[in-house]
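All chains should be built: construct the whole structure from the sequences, respecting the hints.
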Amino acid sequence: MARRGSARGPAAFSIDQVVELAVRHNLAELEVEAAGTRIRIVREHAPAASGSRVDAAPASVAAVQQPAAESVESTAHLVTVEAPMVGTFYRAPKPDAPPFVAEGDVVKEGQVICIVEAMKLMNEIESKVAGRIAKVVVENGQPVEFGQPLFLVDPLR
Amino acid sequence: MFHKILIANRGEIALRVIRACREMGIRTVIAHSTADADSLPARLADESVCIGPPEARLSYLNIPSIISAAAITDSEAIHPGYGLLAENPAFAEICRACGITFIGPSPEAIRLMGDKAQAREMAKSAGAPVVPGSEGPLAGVDEAQALADSMGYPVIVKAAAGGGGRGMRIVRERAALARAYTTCQAEAGAAFGSSELYLEKFVEEARHVEVQVLGDKNGMRLHLGERDCSVQRRHQKLLEEGPAPALLPETRAGLHKAALAVANAVNYVSAGTVEFLVDRDGQFSFIEMNTRIQVEHPVTEMITGIDIVREQIRIASGEALGYKQSAVTFTGHAIECRVNAEDPEHFVPSPGRVTAWIAPGGPGVRVDSHMMTGYVVPPYYDSLIAKIIVHGRDRNEAIARMQRALHETVVEGIKTTIPYHLKLLADPAFVAGGSTLARLEQNL
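Line by line, the protein sequences are chains A and B. To get my numbering, take the position in the first sequence, counting from 1, and add 26. To get my numbering, take the position in the second sequence, counting from 1, and add 347.
Careful: at least some of the hints might be erroneous.
Distance condition first, Cα-Cα at most 25 Å in a straight line; then the derived SDA-like pairs of lysine to any residue [unchecked claim]:
| id | chain 1 | residue 1 | chain 2 | residue 2 |
| --- | --- | --- | --- | --- |
| 1 | A | Lys120 | B | Pro590 |
| 2 | B | Lys671 | B | Lys770 |
| 3 | A | Lys146 | B | Pro400 |
| 4 | A | Lys146 | B | Pro411 |
| 5 | B | Lys770 | B | Phe677 |
Source of the hints: derived by calculation from the structure; they are not laboratory data. For clarity, every value in this text was computed on a predicted model and none was experimentally measured.
Structure (structure tokens):
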């Protein structure tokens, strides 16, 4: 979800959000200052910056579709599970139920790992690979947009 | 008034809505596809939500995703722009059911006017003249043939659910009717999901003149004058101007009255456009009503000083128009040229990267465009990349100003319709005013 700090006044960014932005827009370097905090991300594996942000338009689309190939360093082998639709992210089938998966859990290909609610429909999202959940990227109950990374999975080889 | 509006569209019209909202102090959310993630509307909106992949079917036409995007961003209203979901009654109904205000007319009005055959009957009963034609959809090619024989040729076969110039064929002789009927039916089925057709007498050398109307929720309705949209290529408008040149005062008054009669008959709320054909003798007849903001709305904004998008938003929020017909005044003349990413000779799309873009400026020039240097015109959507609008004290000043504006415009990397417009603006028949649809289509 892109929200513009300049328009809505200073807002805090999490490091994860900044990393995600840098990956999404295929940036080699990104610095964000908001609410008295400055976060600077330098990606060693990022392709050389090519001109303006506009020039990077097609590349950034590709990055949304396959960010797994170049996530943060040392996570290049991780597979990203993205939101297949815009909606609200839920880690559990019901508010009081335990989450489908936690970091460190081993999942099978096709196993339900979360729910994205869109228009009151609970859409079960499956892991596209067998592996270990390396990171849950989004917090429970947060809105997610199409293509937004939800999980990083360390695939079993 | 709303505090946040979601825009379910892209390109220049998304930008236009953002601009109106910004001036009104309303926050904006742009729902965009991955192809438009770096677009100017996505940058200028307060928030952006990616709703799907580039194909419009999976993003801009994906109703659940758009409603979901409105829900997660707490948007109170959706502006549909034009095209895409703007005239989809099911979408307007779903918005209503979800407690989101659809910025436009009621689903009932959209549905009624979306069925061209029904709209025709409605206009007729409201007292607006209509072109002779079939009562309701045609049962088959035999009915079409019998009707055409009785009215005389040429006739025009049209898709009942049509619009945007698609799904229509002019038939000049009996022998060509059956084939035109079949082609139209296939085109209508593919483009609009309904293969119902109707048939009208084709008016030769007609001009296309449309009247802008506004209606609020209290039943107050008024018109903002007319626009002449006779410059078309394959039924696609390319240049629009207002007021319509060479129109008899009684014809003009009659058009305004008929447009309001049609709007009143459907209790029309929001901005809408009633389209007419005007023949050589100044006789006019109703064609259809467009239940949305039109591409060419800036022409009317320039001569009336009324911000039509702002009015749409005010009306949707329940505000009264707050002024009467007598308060609407018309000053000077305005012309709009549509700059499309198209080859000006063959009118085939020319997507690609814009390597340079210098917009025109100076007195009386307005540019509505989402273009930027480096912008890649995506192949997925329509080819409109800029609208150049000029205002002058009279038509001659407006023409000279448009020529000047187009000469200083630079678009490199893709082909555009600018050379076509320059040719047209220098054409003696266009300069004389009152050109007809057929002449402009044939000669340029």
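Hints, verified against the model:
| no. | hint | verdict |
| --- | --- | --- |
| 1 | Lys120/A to Pro590/B | violated, 61 Å |
| 2 | Lys671/B to Lys770/B | violated, 40 Å |
| 3 | Lys146/A to Pro400/B | holds, 22 Å |
| 4 | Lys146/A to Pro411/B | holds, 10 Å |
| 5 | Lys770/B to Phe677/B | violated, 28 Å |
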